[in-house]
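Protein chains: 2
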Amino acid sequence: MWNVLNGVRILDLSRVFAGPAATQVLGDLGADVVKVEEPGKGDEARGFGVTKEMVESGITVSPSFVALNRNKRSVAINLASEAGQRAIRSMVRECDVVVNNFRPGTMEKYGLGYEDLRAERADIVYCQFSAYGNVGPLANFGANDVALQAHSGLMSITGEADRSPVRCGTSVIDLHASLALVIAIMAALMHRERTGEGQMVESSLLRSSAHLMNYFYGEYWVTGAIRKPMGTANHLSVPNQVFPTADGSVVIIAPGDDMWRRCATALDAQALDRPEWRGMLDRQRHRADLIQAMTAVTLRLGSAELIDRLAPAKVNVARVNNLGQAADHPQLAAIGAITSFEMDGREVKAVASPFDLCGIPPAPNRPPPLLAAHTDEVLRELGIGDSDIEMLRAQGAFSQPRTTTSGDSR
Amino acid sequence: MWNVLNGVRILDLSRVFAGPAATQVLGDLGADVVKVEEPGKGDEARGFGVTKEMVESGITVSPSFVALNRNKRSVAINLASEAGQRAIRSMVRECDVVVNNFRPGTMEKYGLGYEDLRAERADIVYCQFSAYGNVGPLANFGANDVALQAHSGLMSITGEADRSPVRCGTSVIDLHASLALVIAIMAALMHRERTGEGQMVESSLLRSSAHLMNYFYGEYWVTGAIRKPMGTANHLSVPNQVFPTADGSVVIIAPGDDMWRRCATALDAQALDRPEWRGMLDRQRHRADLIQAMTAVTLRLGSAELIDRLAPAKVNVARVNNLGQAADHPQLAAIGAITSFEMDGREVKAVASPFDLCGIPPAPNRPPPLLAAHTDEVLRELGIGDSDIEMLRAQGAFSQPRTTTSGDSR
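If you're matching them up, the sequences are chains D and E in order. Start counting the first sequence at 1; every next residue gets the next number (UniProt numbering). Start counting the second sequence at 1; every next residue gets the next number (UniProt numbering).
One or more hints might be untrue.
Unchecked claim - Derived lysine-lysine pairs resembling DSSO-like cross-links, with alpha carbons at most 30 Å apart:
| no. | chain 1 | residue 1 | chain 2 | residue 2 |
| --- | --- | --- | --- | --- |
| 1 | D | LYS228 | D | LYS41 |
| 2 | E | LYS109 | D | LYS228 |
| 3 | D | LYS52 | D | LYS41 |
| 4 | E | LYS52 | E | LYS41 |
| 5 | D | LYS41 | D | LYS109 |
| 6 | E | LYS52 | E | LYS349 |
| 7 | E | LYS41 | E | LYS349 |
| 8 | E | LYS52 | D | LYS228 |
| 9 | D | LYS52 | E | LYS228 |
| 10 | D | LYS349 | E | LYS349 |
| 11 | E | LYS349 | D | LYS228 |
| 12 | E | LYS109 | E | LYS41 |
| 13 | D | LYS52 | D | LYS349 |
It is worth saying that the hints were derived from the structure and are not from the lab. Note that this is a predicted model, so its numbers are computed, not measured.
Just chain D, same shape as in the assembly (with noise of 0.2 Å):
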């Protein structure tokens, strides 16, 4: 972690992927990140793809939770108690952002909405994260990822061509929108320092697919043109796709004239530096043609062989790599990009926040937190004595509620 956010204190009531991918950067950033948690049961991504198998080898705590909550220290509090919502509004006090992802309204309901919490701290940077945002006919629907690949149109664009759409793989839209987040509070923070007011910050599940989605959105506002799916190609130009190989199979692209031209010669001038071939406009024109030329070329060589040829010659090419392939890739870990902490006694490697700041030296990360573990130590360092603490248990505040709520949670 780096020192940026030193001194900025984060109340994380989020859970599942957006909220903590969001407040894992911010304390991969250096702030102090507090998440609240549900007495008993936690972070529901604890438990996310947790197989038998895993319990039987001792893995209790999901892939997903470990990658997604470094650097934070875990509070369990009961937000359903009257006890519990008095705790986080005395922490609150001490807080520079709150963070949550309950349905609109929730937060309200526990006294812990904007206007609660503003009374407790006025410069407040309220972050509020939910599915389809605050206001609209969808603002009290509840959704995920897979949801929003549904709703933007991305699963309409996604799969092979004339068959029935499929998600992309990764929660892309959850981790878009953690980005976002963080950009957001960011940008409060800096407002806060220049005017000393606070805000709320809002962001969703929708906002992050409709910016992923935005030169499809925009081309069908001015043309109506409604794309669907192409397999591995790409409606932008043409070579863009993947190529069958003598012995797999690689990605090739070459959008640019000057590309385009360095490709076809590389592979085989004569089969594909063709005149009518030579603009981008015209590859469009004859993809089809263009795509299977290059297929007869690409299936008599070997991927490395294509490589060997393409790489030099600045044409972009790449191998379909599984994830085992590409997550030990030597150039993963030569940019810095696996970062690791120590948990049960051991190693673990996780992937680091997308950038790098050469100009500071980090410092080593926390690992993921037990659930609850750091409850007493936060409460004190935000001011809250001993006898309240102490009081604040014996009225439930830190105590499994009767009846679950997380059926409230996104």
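Position chain E against the provided structure of chain D, taking the given hints into account.
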């Protein structure tokens, strides 16, 4: 646009998607973004996906360029000319941030590397964006979004089970990278505010892709699992996928135990609320049976009926929209996710940056710039006198390079 970054001037030498998408967010936040383009030709993205039909109907700039280049001014400078390089070095003295996405070494070749530019402006924030990072075995490989979808393994988990992988339909790695760049630049500006120090910040398509794949890599590193495509389903929880209905299809997601119970009850308690499916691990183990039983139920109901039953039960459910349905859905406009600007005398809609700063009223947007429209204006603002501008012009700083250098960009 908001006023958070008013006073921050960004010299943006990047082209195509990730860099321009990043600087658009910075422009939306109030930075003064000066887009440096190649004289005569401009950012290649100006031509992406422009078809003959579009040109004939008066659309000469691509929807993707329009989607990613508002709130910028364009200056055209030939970076391959000595006079052009001198112009850039002069401009840098009055800039806070420089962004580029040339291949590693190109900026240095132009005399515009970090060391060169910090000699002009000691506290410059220098943002280097590349395909695979600046070091390591792939540092000199060019790539684009699809190449990294292949390299990162994202493609290997996207598609139908037991069929060839496909790409995620949008440029998810580029756009995710753009938000990572914004964070890195804002972090560097905050660090500069506190310490007076500039620095180099970096990101890459590889880092963006790794962040999107973080929990898959994390799982692989711990368990060795190499996930495969699952159509619309998800290895993390069951049910979490598209189901066919009597008249279409909907996504139904009920990952938690409580939500699953509500889902089963709302649909067909007798068929679905079975004791052996009540725990998350149970549903994983009995995935095939559960999906089969769910499908038998959903096929009997229309999509609207399914939504009417599941939404009030707080079960996540969503329609599978096409691009037009998604772009025109009233929810998108209701939450302010659509912005606009005037271009060629008409109002053009675009997707807003993916967050809202509720405490800061936004100002109107600038439309995407015509190529080179602001060259003289910007140079003058940056303190370069008219006679110097004329000299630079006479020396070829603003003219088309004799042999195009676009092939050197990634």
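Status of the hints after comparison with the structure:
1. The suggested pairing of D:LYS228 with D:LYS41 is violated, with an alpha-carbon distance near 42 Å, which exceeds 30 Å.
2. At most 30 Å may separate the alpha-carbon atoms for a hinted pair to count; E:LYS109 and D:LYS228 exceed this at roughly 42 Å.
3. Using a Cα cut-off of 30 Å, the hinted pair D:LYS52 and D:LYS41 holds, with the two alpha carbons roughly 18 Å apart.
4. Restraint check: the Cα-Cα separation between E:LYS52 and E:LYS41 comes to about 18 Å, which is no more than 30 Å; the hinted pair holds.
5. With a C-alpha separation of about 21 Å, the suggested pairing of D:LYS41 with D:LYS109 holds against the 30 Å cut-off.
6. Straight-line distance between C-alpha atoms of E:LYS52 and E:LYS349 comes to about 22 Å, which keeps the hinted pair within the 30 Å bound.
7. A hinted pair counts as satisfied when its Cα atoms are at most 30 Å apart, and E:LYS41 with E:LYS349 qualifies at roughly 25 Å.
8. Note on E:LYS52 and D:LYS228: the hinted pairing holds, with a Cα-Cα distance of about 19 Å set against a maximum of 30 Å.
9. Taken as a hint, the D:LYS52 and E:LYS228 pair is honoured in the structure, with Cα atoms around 19 Å apart against an allowance of 30 Å.
10. Pair hint D:LYS349 plus E:LYS349 does not hold up; C-alpha atoms about 43 Å apart against a cutoff of 30 Å.
11. Of the supplied pair hints, the one linking E:LYS349 and D:LYS228 holds, its CA atoms being roughly 22 Å apart against a limit of 30 Å.
12. For a cut-off of 30 Å, the pair hint linking E:LYS109 to E:LYS41 stands: about 21 Å separates their Cα positions.
13. A hinted pair counts as satisfied when its Cα atoms are at most 30 Å apart, and D:LYS52 with D:LYS349 qualifies at roughly 22 Å.
Of the numbered hints given earlier, the model fails hints 1, 2, 10; all others are met.
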